[in-house]
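J.: One letter stands for each residue in the lines below.
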Amino acid sequence: MNSTTNIRGNLKSELAKNVSLFSMLVPGFILAFLFSYLPMFGIVIAFKKYQIGKSIWEMPWTGLKNFEFLFTSSNTPIFIRNTILYNLVFIFVGLVLNVGLAIMLSEIREKIISKTYQTIILMPHFLSYVIISYIVLAFLNVEHGYINTHIMPLFGKEAVNWYANPKPWPFILILVHFWKSIGYNSIVYLAAIAGIDTELYEAAEIDGANKWQKITNITIPSLKTLMIIMTILAVGKIFSADFGLFYQTTMDSGALYPTTLVINTYTYNMLGQGGATGIGLASAASFFQSVMGFILVLTTNYIVNKIDSESAMF
Amino acid sequence: MKLKALLKNVMCVGAVCALVLSFTGCKNKEAMIKGEELGKVPVEPYEINWYIQSPSQKDVSLVEEKVNEYLKDKINATLKINILESSQYEKKMGTMIAAGEAFDIAFTCSWLLNYATYANDGAFFDLTDYTDTYLKDAIQLFDEDYLKSAYIDGRLYALPTLKEIASQKGWVYRKDIAEKYNLNMADYKNFEELEPVLKMIKEKEPSIQYPIDWTEDRTAFNLNDFYSPVADVAIFFENGKARDKVENIIESDIMKKSAAISRRFYLEGLVNPDVLTSTNITQRFQEGKTFVYMENLKPGKAEETYRGKNIPVAQVGITPIYKTDGLGSMNAVSSTSKNPYRAMRFLNLLYTDPVLSNLIVYGVEGVHYTKIDENRVDVPENTGYSLANIQWMFGNVFNNYLAKSEDPEKHKLLKEFNEAAMPTPVRDLTITIPQSLDVQKMAVTTVKKQYRKQLVLGAVDPEQVIDQYISELKAAGIDELIAECQRQYDEWKAKQ
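Sequences listed follow chains A and B, in order. So the first sequence is residues 1 to 314, counted in this note's numbering. So the second sequence is residues 1 to 496, counted in this note's numbering.
For reference, chain A alone in the conformation it holds in the complex:
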């Protein structure tokens, strides 16, 4: 069967039918084109010796020299480890928390109460990380921070210089991340739950199912596809980290790098302070990031295709 002509024919009639719907895609396409496709060419900088004020063509090639530095730097294993571990926690703990929260909210019968909860939980999402970093500082300031002045004495402990002590930061950052993102990320699941056919629940009720059984046998299976898609999307981004979280919240304190340096902050540091050499290195790091991300998206999609081809993206 000739599938291409088939698609073309279908596409035309589809387009004609849903002009208004397709036109809504246009801004998204333009943005993706401008900010995701157009800059792709810039990756050649990773293989060049960057020179300020020259066009990309005029800069000499250096082969893999930038990558050589990247992979011999003692920081590289640290930021790779941090980026991946943080993201794994964010993805899998996040999945449980987001779905859990969505189910809890949907189980609240009283509309007003459920909306109030949702709004309160969603609120931090609208704060910029710059502001959040100062909220965190209010807690962690050595001298006047709430933790050092109120919490530590409760346990009879000495005040801690939080910004010089990398050990507790994984917990702090994970806490801050979920506090900020959980409300927003659960909206998707909440919407999906609202879309589940109520007849299923009614039938289950007639069969004598209790609340827990309804959740495990109806809600969660109905959310399965969405959960898989959301996870694939997240795994594809496992090699990029939320810059604001890692840069602002830590106040870019060098002492914390062992547990807080991630690929994005590393790249930014190289860009801002390394002069022309730094740009080459930053480009190499972000090229590496893109390639890994690309491989990860393809792999996860391949795996999903094997398990459940309906849920795969392409």
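Treat the hints as calculated values from the structure; they're not laboratory data. Given the structure is predicted, the values throughout are model-derived calculations rather than measurements. Hints are supplied without guarantee of correctness; some may be wrong.
Said to hold, decoys possible - Okay, derived cross-link-like pairs now, BS3-like style, lysine-lysine, Cα gap no bigger than 30 angstroms in a straight line:
| # | chain 1 | residue 1 | chain 2 | residue 2 |
| --- | --- | --- | --- | --- |
| 1 | B | K256 | A | K167 |
| 2 | B | K136 | B | K474 |
| 3 | A | K54 | B | K92 |
| 4 | B | K91 | A | K49 |
| 5 | B | K412 | B | K309 |
| 6 | B | K199 | A | K237 |
| 7 | A | K237 | B | K91 |
| 8 | A | K167 | B | K91 |
| 9 | A | K49 | B | K92 |
| 10 | A | K65 | B | K91 |
| 11 | A | K237 | A | K306 |
| 12 | B | K241 | B | K415 |
| 13 | B | K257 | A | K167 |
| 14 | A | K54 | B | K338 |
| 15 | B | K449 | A | K49 |
| 16 | B | K92 | A | K65 |
| 17 | B | K204 | A | K157 |
| 18 | B | K301 | A | K157 |
| 19 | B | K474 | A | K49 |
| 20 | A | K65 | B | K449 |
| 21 | B | K449 | A | K167 |
| 22 | B | K410 | B | K175 |
| 23 | B | K34 | A | K54 |
| 24 | B | K474 | A | K65 |
| 25 | B | K80 | A | K54 |
| 26 | A | K49 | B | K34 |
| 27 | A | K157 | B | K199 |
| 28 | A | K167 | B | K474 |
| 29 | B | K309 | A | K49 |
| 30 | B | K189 | B | K175 |
| 31 | B | K148 | B | K309 |
| 32 | B | K148 | A | K54 |
| 33 | B | K410 | B | K323 |
| 34 | A | K54 | B | K91 |
| 35 | B | K410 | B | K189 |
| 36 | A | K157 | B | K80 |
| 37 | A | K237 | B | K92 |
What the hints assert, rightly or not - Cβ-Cβ distance ranges computed for the label pairs, FRET-style:
| # | chain 1 | residue 1 | chain 2 | residue 2 | range |
| --- | --- | --- | --- | --- | --- |
| 38 | A | P60 | B | D490 | 29 to 35 angstroms |
| 39 | B | K58 | A | R109 | 39 to 45 angstroms |
| 40 | B | N280 | A | R109 | 51 to 57 angstroms |
Backbone N, C-alpha and C define an ideal beta-carbon position, used for all residues, glycine too.
Starting from the structure of chain A, add chain B where the hints point.
T.: For chain B alone, coordinates are given in the frame of chain A:
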């Protein structure tokens, strides 16, 4: 399936379009202007974008308006003063330069937006050939050695500020408290000798939260004089002589001792434990929370810093006065400037024209300051505009008015201070790190950023950190850098 195939097609088309577009986007920039006729007011107006670092000023646009009126008949330029907070300056400018963004003039020096690095990278316009044309009047004002220090391999990429050309370290302290306890601060030659005094003040003066204050470059370590060609590498000076070896700063006896002092002060509560996240020591001093801090001094430094603030302050120098190079404060024309000639003409005026200079430093007369007499002005507190505290960052400070609180003899004292200074033991030695060691330089800088600050500030236990710090420096290749510096240092010594 349909949607997936469609998606694939769209992605391919997108990628191809992007490639084509980005190729066409890479064509050459527009042709540069060749030059301007001197002594003539150009016909075409030009906006000069100038970047400096300072706390932000409310009335910048008002001042710009006046400056523009003034410049119209001189060089037909308008000035845009872009003020960046000091904490952002390095990264913002670094990113702008790297991206090749157009601007005209920027503040640069050895300690912020590193002059040598960016000049070598080609970020700055080469001024060498214009010193007897566009910059002629300004150049004539310079001390020859001072100007020479700004040359890199015989080329000049920025103009140093005309100010004191010497430096001495010493204490800035609360005059009233020192008098109350009958302290002669000149007697305390280092942090250890000062320690008993600090303890006494902490005990007896409840309003002083922390007797001493410091930032990364004002700790016990920085009281030592040295020449540092690259991060964490230095030639130390002792009793007016330079040590023979180029040293790894962190391995040196000096760092070990200083870090121990810092740590002790930190644990004893003599210094704010919050030093890592809050660095505004002048703010704390003027709020009366601290008693003393170490500072690079020149005559009138304390008064300049706290002008208009109601705090009794005094200063005293405790180290030898060394001549400094011009690298402490300079202004460079960007290589991305669309009209570097007009920018140079502006710089030339800035160094030679007191009206322009005072307008930029003090703002508009009657609004931001009032005149007392010919050379002195009264600047009220909290005006909408005053760059008086950072006037040493540009132009010619000898052209500027003096504030009411300042010694009327300040300019004379500055000149005497300059004359009293002796050259450093390595006077004209400039070690340049060759490009083949770029990677090591970068790696060492990164390690420094991770460890140095909390070590010198006393926020971590040196016993626990210093060994790891050293081993990471070695892994980053600091020994190769030291070897190269030593080679150049030996060559220089042989020539003496």
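J.: Against this structure, judge whether each hint is valid.
T.: The hints, checked one at a time:
1. K256/B - K167/A: 25 angstroms, holds
2. K136/B - K474/B: Violated - the C-alpha atoms of K474/B and K136/B are around 47 angstroms apart, more than 30 angstroms.
3. K54/A - K92/B: 20 angstroms, holds
4. K91/B - K49/A: 21 angstroms, holds
5. K412/B - K309/B: 24 angstroms, holds
6. K199/B - K237/A: At roughly 54 angstroms apart (the allowed maximum being 30 angstroms), K237/A and K199/B break the hint.
7. K237/A - K91/B: Holds. K237/A to K91/B sits at ~26 angstroms (cutoff 30 angstroms).
8. K167/A - K91/B: Holds, at about 27 angstroms.
9. K49/A - K92/B: Cα-Cα ~22 angstroms, so holds.
10. K65/A - K91/B: 24 angstroms, holds
11. K237/A - K306/A: 21 angstroms, holds
12. K241/B - K415/B: 25 angstroms, holds
13. K257/B - K167/A: 27 angstroms, holds
14. K54/A - K338/B: Distance ~15 angstroms between K54/A and K338/B Cα, so the pair holds.
15. K449/B - K49/A: 24 angstroms, holds
16. K92/B - K65/A: 26 angstroms, holds
17. K204/B - K157/A: 28 angstroms, holds
18. K301/B - K157/A: 43 angstroms, violated
19. K474/B - K49/A: 25 angstroms, holds
20. K65/A - K449/B: Distance ~23 angstroms between K65/A and K449/B Cα, so the pair holds.
21. K449/B - K167/A: 18 angstroms, holds
22. K410/B - K175/B: Satisfied, since the Cα-Cα distance of roughly 19 angstroms is no more than 30 angstroms.
23. K34/B - K54/A: 19 angstroms, holds
24. K474/B - K65/A: 20 angstroms, holds
25. K80/B - K54/A: Given pair K80/B, K54/A holds - Cα atoms ~26 angstroms apart, limit 30 angstroms.
26. K49/A - K34/B: Within the cut-off at roughly 29 angstroms; holds.
27. K157/A - K199/B: The hint holds at about 25 angstroms.
28. K167/A - K474/B: 24 angstroms, holds
29. K309/B - K49/A: 50 angstroms, violated
30. K189/B - K175/B: Answer holds: K189/B to K175/B is near 18 angstroms, not above 30 angstroms.
31. K148/B - K309/B: 37 angstroms, violated
32. K148/B - K54/A: Within the cut-off at roughly 28 angstroms; holds.
33. K410/B - K323/B: Holds, at roughly 18 angstroms.
34. K54/A - K91/B: 21 angstroms, holds
35. K410/B - K189/B: 25 angstroms, holds
36. K157/A - K80/B: Distance ~53 angstroms between K157/A and K80/B Cα, so the pair is violated.
37. K237/A - K92/B: 27 angstroms, holds
38. P60/A - D490/B: 29 to 35 angstroms: At 32 angstroms between Cβs, range holds.
39. K58/B - R109/A: 39 to 45 angstroms: 54 angstroms, violated
40. N280/B - R109/A: 51 to 57 angstroms: For N280/B and R109/A the Cβ distance comes to about 53 angstroms; the hint holds.
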